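Once you've looked at the hints, dock chain D against the given chain L.
2 protein chains.
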Amino acid sequence: MNKVSLTGNDYLLVYNVFSLVVASMFGAFVYFLLNVSEVAKKYRNAVVISAVVVGVAGYHYFRIFSAWSSGEFNEGYRYADWLLTVPLLLIELLIVLGISSEKRRPLAVRLVVAAVAMIALGYPGEVSTDDTTKWIFWVLAMIPFVYILATVAGELKKATTRESAAVAKGLRLAMILLLVAWLVYPISYLFPILFGESSQMAETVRQVGYSLADLLAKPVYGLAILAVAKLRTAEEAPSLNS
Amino acid sequence: MNKVSLTGNDYLLVYNVFSLVVASMFGAFVYFLLNVSEVAKKYRNAVVISAVVVGVAGYHYFRIFSAWSSGEFNEGYRYADWLLTVPLLLIELLIVLGISSEKRRPLAVRLVVAAVAMIALGYPGEVSTDDTTKWIFWVLAMIPFVYILATVAGELKKATTRESAAVAKGLRLAMILLLVAWLVYPISYLFPILFGESSQMAETVRQVGYSLADLLAKPVYGLAILAVAKLRTAEEAPSLNS
Chain L
1 MNKVSLTGND
11 YLLVYNVFSL
21 VVASMFGAFV
31 YFLLNVSEVA
41 KKYRNAVVIS
51 AVVVGVAGYH
61 YFRIFSAWSS
71 GEFNEGYRYA
81 DWLLTVPLLL
91 IELLIVLGIS
101 SEKRRPLAVR
111 LVVAAVAMIA
121 LGYPGEVSTD
131 DTTKWIFWVL
141 AMIPFVYILA
151 TVAGELKKAT
161 TRESAAVAKG
171 LRLAMILLLV
181 AWLVYPISYL
191 FPILFGESSQ
201 MAETVRQVGY
211 SLADLLAKPV
221 YGLAILAVAK
231 LRTAEEAPSL
241 NS
Chain D
243 MNKVSLTGND
253 YLLVYNVFSL
263 VVASMFGAFV
273 YFLLNVSEVA
283 KKYRNAVVIS
293 AVVVGVAGYH
303 YFRIFSAWSS
313 GEFNEGYRYA
323 DWLLTVPLLL
333 IELLIVLGIS
343 SEKRRPLAVR
353 LVVAAVAMIA
363 LGYPGEVSTD
373 DTTKWIFWVL
383 AMIPFVYILA
393 TVAGELKKAT
403 TRESAAVAKG
413 LRLAMILLLV
423 AWLVYPISYL
433 FPILFGESSQ
443 MAETVRQVGY
453 SLADLLAKPV
463 YGLAILAVAK
473 LRTAEEAPSL
483 NS
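As given, the protein sequences belong to chains L and D, one line each in that order.
All residue numbers for the first sequence refer to the working numbering, where the first residue is 1 and numbers rise by one.
All residue numbers for the second sequence refer to the working numbering, where the first residue is 243 and numbers rise by one.
Excised from the complex, chain L in its bound form (with noise of 0.2 Å):
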């Protein structure tokens, strides 16, 4: 594990976006079970996957806390937060997208794959101190990246032709919320080659910013798919939500 390189309010403020991101993430497990029963069937594993993501970020950003507190830094933690979460981000999409379950599992294996290729593959470059090594597993990393992006705008278009306004409206808004806290992640992993591996803005940018992506990829992306979810159970089981 590396040693935290942060020192005064810098370390102070990461140190505090680490312990909010813990109690939110938690907050929100909390919140997503609970609104498990209030959702059709069909649509519940939606929110049962949003629990279990938040809930596993939330035991990654203890740790990520925890080792930040005393001093050390370990940012495979994030990896194999992705790892798990990324895969689910995506198949509670497809859940809402209304798509068929013959045509969502072939597209769900192949989002999948592409998740693991993309984290996999971004994770050589991160732990590296070669520039050249990094610039190259970002590239490599961006092929699966824009695969996925692109795929799910796809899916996404086809889907708003072919729902109601308020259900197009919420997919809408979990796919920019989907692409604004995604390009983070990217442009996050560069500071270290843009501004130099001991820049001390740099290393809390990139950290405030991982902290500020996942906080919109995971607790804020699932309170617009359970909107979604919702939205589709007045539309298509109205007694449910009296």
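Calculated from the structure, these hints are not laboratory results.
Treat the hints with care, since some could be wrong.
BS3-like mimics (lysine-lysine), calculated; alpha carbons at most 27 Å apart, straight line [to be verified]:
hint : chain 1 : residue 1 : chain 2 : residue 2
1    : D       : K245      : L       : K3
2    : D       : K283      : L       : K41
3    : L       : K230      : D       : K472
4    : D       : K399      : D       : K284
5    : L       : K134      : L       : K3
Quick caveat, the model's predicted, so the values are computed rather than measured.
Relative to chain L, chain D alone:
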């Protein structure tokens, strides 16, 4: 992080109050969880949010207590907590006020933005040791503070003419709790300016004050919200109340 400045019985009083708050928050968490299904579906989210709020606050007081008992203090935990819980406290009030969901959404957005602005503006003054800086950010944070209370009071007045006497009474109680608890925060904030950073008495009153205000504003307020939700359930869906 700062060293804890209190000693002797002052240190011990704050130590015991922090532990009491941890126990209260987790006790309230269990209580709210078990009461979610006791209210009609449309008010259920208010009780769910109460549970999330006291759970998040319990986490933060656990951290505050741990830091305090190892001789350190980090005011950042309070601000992280408020950033997450204050918007939620306002949303749960809106749910039981009986505003239609179309009107509720823009109101919720305005109140959440004001709450985040209030807390974000309080923080630079809180961590500064300069009295002028403290005053400037106090005044700035008071603007959204007054806006929030005025808006909520206006909505409450409309609701009390619309609703039954019992529901109106419950809503007024929730509003009084909010007002009393919330007035503690800006006053406690001023203690280091009024009595000096090194006054043991001022720091003791401030920490105990924040803690009691958090108890009123979260679990006790949550009980008032739950009471209103139960009254509404009894009026609107008597079958649920047997």
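Quick rundown of the hints versus the structure:
Restraint check: the Cα-Cα separation between K245 (chain D) and K3 (chain L) comes to about 23 Å, which is no more than 27 Å; the hinted pair holds. Restraint check for K283 (chain D) and K41 (chain L): the C-alpha separation of about 17 Å stays at or below 27 Å, so the hint holds. Distance restraint check for K230 (chain L) and K472 (chain D): the Cα-Cα separation of roughly 23 Å lies within the 27 Å cut-off, and the hinted pair is therefore satisfied. Between K399 (chain D) and K284 (chain D) the alpha-carbon distance is near 22 Å, which keeps this suggested pair within the 27 Å criterion.
Our distance criterion of 27 Å between C-alpha atoms is met by K134 (chain L) and K3 (chain L), whose separation comes to about 20 Å.
Taken one by one, the earlier hints all hold for this structure without exception.
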